[in-house]
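> Spelled out, the chains give:
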Amino acid sequence: MPDKTNTSNILLAVNNLSVDYGLARAVDNLSLEVVKGSIVTIIGANGAGKTTTLSALMGLIPSTGGVRFLDEPIQGLGVADLVSRRLALVPETRELFAEMSVEENLRLGAYQRYMNGERDFSEELNQVHVLFPRLKERSQQLAGTLSGGERQMLAIGRALMAKPLLLMLDEPSLGLAPLVVAEIFAIIDRLRDSGVSILLVEQNATAALRIADNAYVLESGCVAFHGTASEVSSDRRVIETYLGVSDGA
Amino acid sequence: MDIALLLLQDGMTTGAAYALLALSLVLVFVVSRVILIQAGEYVSYAALSLTVIQSGNVPFLVWIMAGVSAIIGVHDIIRAQAGVAMLKAALFWIAIPGAILVATLLLVPLDPPAFVKVLLALAIVVPMGPAWYRLAYRRIARSSTLVLLIVSMAVQFVMGGVGLAVFGPEGSRTEPFSSGFLEIGSFSIPAQSLWIFGVTAAIIVALVLFFRFTMRGTALRAAAHNPNGALLMGISPESAGQLSFGLAAFLCAVTGVLISPILTIYYDTGFIIGLKAFIGAVVGGFVSYPLAAVGALGIGIFESFAAFASSAYKEVIVFALVVPVLFLRSTLSHKGVDLEEGFAGEVKTSAGASSPLVRRIRAMLWSPWGIAVIALVLLCLPYGMNQTQQISVNYILLFTMVVIGVCLLTGIAGQVSFGQAAFVGVGAYTAAIIAGPCANWDNFVSIIGLDFLVGSCGLPAWSSLLVSLILTTIIAVFLGAITLRMRSHFLPIATISWAICIYYFFGSSDLLGGFSGLTDLQPLNLNFPSNLPYEGQLYYPMLVVTILFFAVTANLLNSRTGRGIRALHSRTVLAESVGIATINLKVKVFVIAALMACVSGWFYMQLQRFVSPESFSLLAGAKYLFMAVVGGEHHLAGALLGSSLVEVLNKSFQAFFTWTSLGRFGDFEQILFGAVIVLVFQFTRGGIAQFFVGLLPSQKLARASGKPLDHSHQESVPKGTVLLDICNISKSFGGLKALNNVSFQVKAGEVVALIGPNGAGKSTLFNAVSGISQANTGDVLIRETAVSSLSPHDISALGVMRTFQHVKLLSDRSVLENVAIGAYRRGKSGILKSLLRLDRAEEQRTLDMAYHCLVRIGLQDTADTPAAELPLGQQRLVEVARALAAEPALLLLDEPAAGLRYQEKQALAEVLRQLRDEGMGILVVEHDMAFVMGLADRVVVMNFGEKIAEGTTSEVQSNPLVREAYLGA
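Quick mapping for you: the protein sequence lines, in order, are chains A and B. One point on numbering: in our numbering, the residue at position 15 of the first sequence is 15, and numbering is uninterrupted. Basically our numbering = 1-based index in the second sequence + 249.
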């Protein structure tokens, strides 16, 4: 468990977050914490409320409860404000600008910083190119023509252009070949070492638990279980439900 | 030859101006989904402001612009939370418009150089773009395109009215930028044309540079392509909307100052120019800039030649040509804005709870005594009224007849039509020709070459009703069969196009008296034995017809066909999957709505004894839609409420303006009417009917009778028969192989589970089997029939039913009704039986059957609950029950256990086992391994579009490939 006495160490603190879709409650009194410089993963079945949680944190859908980022309340703020405060989300659907070039996609990642008066983004662009050399090679190509793995890289790269302190990733492994998944997860690991904290939602629980520091297991909108990644990955219920095709084999 | 060149040059000049306008229409649409009907108003505003400035006066418009902006500014400053926002608001809404006002006041008396005058005119008009976005569209940015369109119409009303009030009815031309000619050989081009070409080209280049190389331009493009992605970058839809409206106003204003030296501009010229640009935008499908510009250029050239050939029907031809163009664009376009699902707005669940007082009033109203009182009031109504009031009531009835159809077609079936007024026109004109003075008839038959019929007039009035109904049916089937196939925004645009086309046909045709219409028509010979005036007498047949319309529509909705009609509304995939031939049903509903409009038109002629095209214009069509939406288009009662509200508003505005004598200065009625529409949509969703729902007769819930079921007709397939045979199917989406050579079978009496990680191709496979999409290669055979060329409803006829990963239920209907939709294919009652309520026995059998399915799935206690009120897991079970209601041979289940609790999963598995034992074949996609392993006879494992394993549960579990796929090694 993270050290609760040292609040300055906590980047994101979510307290009793709830989201309702019409009459159905998608997220129910969820609480979680992200310590600075850590990877926290949320795992759970389809429909458990993982994506909804991220959308609520990013201000895309209304929610109730308390969310603090860098010890300031951020609930109810718009997406633009949250991006300015260095929060970024890479959604499950990637949401790239398919008909625009890789470079334009990356440049748009810095839109909010441009609106705040910054003009020079070459340093971040360099960093993204170092992290994803393939994006540099393809900088003039249309985003829609990239392969699945490259698209995910571009989505992460675009989010990094906003210089986020917390990067939220929704199913980065979705639809990618195992080799590419391994590559992406290695990069996520490196991102943590460069100081970006990460909130990772994954169905591929094994891969996520391997790089995460802490993990939350979500069931029907509630946290069913949480702890360090090793605690969670050795929990029998978790193994049965999410990790293995079979338990005994 | 010379003449042709001259016409070409003329046409290209106006075409170039139209092109700018067309670009602005596309720009606004891709960013905000608004069809900018007021575009033309900016054109007239800019042109007329320039005229005023050139004559040395300050246009009053600049005061309006600055005043409205200041109001927005003050509002924003008060609302602003941060200092930065306050400053921005002050600068944008107060300082800049203020500066424009001051500059105009100071500079105009000094008679500045011509280009300064032009800049002033532009500066006065451009801020109105963002201002209108703020006032009318920002709050409703997420509303359906239907609402956005109606609001756009309303803004056009307001701007047109203000234009008349500010600039007066006189037209004017501005001084040309330069009066010379450019001589090329024997050919001379006026310098103004060169200006138009030059400025248009320069602006297009500037736009390209802006969109390509600036952060704001790129962001605007991004917001248009992918609003969700843009939002994540912090590009708010509001700022994008505001910028696009500003740019659009600029483009339109430039068009205005460019075109005003060569074309006399009246306050209402802009609207007509806007329509031409609209056609250009249509050619571009409202998504392509280059095609829109080329289309607009083409319209300019066509117009120029048509004007020379002086064809009376040029508008008819132009707008008729738009429909096939739209059709092509709609079928070819996969990109662009696909808003098919939920295009006409979601059906909202009405709050069921009502207070005891409301319930008591309702009980009183609909008790036998209450009904008797209502009937008495309706019967005596004309006696208590003067002639004006009688006419008003008659108008309410006329409107209601049309709007019942609009509610059915648009509100309930989800098919937006702006063209209902055209059918009113068909009814009115037919009545006018057949029952009018003999001169009309003689004129008509001699023009169409049936000279022997001259002098044969005097057919009874009622016969014209029959003729007009037949005529309307023919036209509606024809138009419906073409336009109702169109997806997303193409459908409403197509209805707008043919509505304009029919309007111009009425106006251009000598047969029908042209734009001045037909007068001195014969009234209906009622001969009531009473002293009521004609209007009071006409009330009775109209009342009977209106009540009849309500009754048959209610019957229709409460039937097998009615469930199908409700499913058309943003649930076409579901409708097809239960065996509804959606296009046929859409056309039928369209014809019913058209016939109601036609009857209204027939009565309109009897009431007015005068017909002219104006009453059947596009704006009239928009008004009917407005009545439906403001009344509440999802309730039939909304038709009466909306019609009454509009008529009462109309009358009170008229009275107010007569009383204040403000009416003399302009069309204030129109301004106020538009403003009310804009305001209504800012603050209410779902129409006023929602406030009256509690008072309506409580709808009798469809209930099961509880009688035992007769299972004799259930077909049985011997166990082991191959039901589904998938042979080597492949499917790719732009290079990505979603399915690669997949083969497997499902036999009667077994459960096959399809598992694999997200993105493995399971949904693609499901869609290929159920006919939603087709495989590129390979065959899918269902009971030995190849399904690749079959539509989903044909596939369902082979005995296949499916459930959906994203639940598709009629959210405001009861669970029982939702399940009954599944039995659609097993019923036989058609529209006619439903209308006349002759389908009751079959209806009861269907409901009993549906209830039985609910019992099987353990949801009988929720039968009366609106589907949306169930938890998601149970909604999935309702889908399973709905599939069972069809008694399928093959059942396809897409993640049926997601969101269920442990016991619920056990129960579901038990039901599926029973069904299997009865001989059903079941293919289930599921992520819950415990559920799958406990249920399936065989498991097919997919990864990256390929089948990596198939076998019994234990075989699959020990397969290393499978473990790797799932563990993501």
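Just so you know, the hints here were simulated from the structure itself, not pulled from any lab data. Check each hint, because a few of them may be wrong.
[Unchecked claim] Computed Cβ-Cβ distance ranges for the label pairs, DEER-style: (1) Ala-319(B) with Ser-122(A): 39 to 45 Å; (2) Gln-1023(B) with Glu-72(A): 48 to 54 Å; (3) Leu-368(B) with Leu-70(A): 45 to 51 Å.
[What the hints assert, rightly or not] Chain A residues, not near chain B, derived (Cβ > 10 Å throughout): (4) Asn-46; (5) Met-58; (6) Gly-65; (7) Asp-71; (8) Ala-88; (9) Thr-93; (10) Ala-98; (11) Gln-112; (12) Asp-120; (13) Gly-148; (14) Leu-165; (15) Glu-183; (16) Ser-194; (17) Val-196; (18) His-226.
These numbers come from a predicted model, not from an experiment. For each residue, glycine too, the CB sits at the ideal point set by N, CA and C.
> Does each hint fit the structure? Answer for all of them.
Against the structure, the hints:
In this structure the supplied range 39 to 45 Å holds for Ala-319(B) paired with Ser-122(A), their Cβ-Cβ distance being about 42 Å. Between Gln-1023(B) and Glu-72(A) the Cβ separation comes to about 53 Å, which falls inside the hinted range of 48 to 54 Å. Between Leu-368(B) and Leu-70(A) the Cβ separation comes to about 48 Å, which falls inside the hinted range of 45 to 51 Å. Not every CB of chain B lies more than 10 Å from the CB of Asn-46(A), the least distance being 5 Å, so the non-interface label is violated.
The non-interface label for Met-58(A) is inconsistent with chain B: the shortest C-beta to C-beta separation is roughly 7 Å, within 10 Å. Annotated as non-interface, Gly-65(A) keeps its C-beta farther than 10 Å from every C-beta of chain B; the closest such distance is 21 Å. The Cβ of Asp-71(A) lies farther than 10 Å from every Cβ of chain B, with a closest approach of about 19 Å, so its non-interface assignment holds. Once the 10 Å rule is applied to beta carbons, Ala-88(A) is inconsistent with being away from chain B; the minimum gap is 8 Å.
Not every C-beta of chain B lies more than 10 Å from that of Thr-93(A), the closest at about 8 Å, which undercuts listing it as non-interface. A cut-off of 10 Å between C-beta atoms contradicts the statement that Ala-98(A) is not in contact with chain B; the least separation is 7 Å. Look at Gln-112(A): its CB is around 4 Å from the nearest CB on chain B, not clear of 10 Å, so calling it non-interface is violated. With 10 Å as the threshold on Cβ separation, the claim that Asp-120(A) sits away from chain B holds: the shortest Cβ distance comes to roughly 13 Å.
At roughly 7 Å from the closest C-beta of chain B, the C-beta of Gly-148(A) falls inside 10 Å, breaking its exclusion from the interface. With a cut of 10 Å on Cβ distances, Leu-165(A) stays outside the contact zone with chain B, its closest approach being about 15 Å. With a least CB separation of 12 Å from chain B, Glu-183(A) remains clear of the 10 Å interface cut-off, as annotated. Distance check on Ser-194(A): its Cβ is at least 21 Å (rounded) from any Cβ of chain B, clearing the 10 Å threshold; non-interface status holds.
Separation of Val-196(A) from chain B is adequate, the least Cβ-Cβ distance of about 16 Å exceeding the 10 Å criterion. Residue-level check passed: His-226(A) sits 21 Å from the nearest beta carbon of chain B, beyond 10 Å.
This entry does not satisfy hints 4, 5, 8, 9, 10, 11 and 13, going by the numbered hints stated previously.
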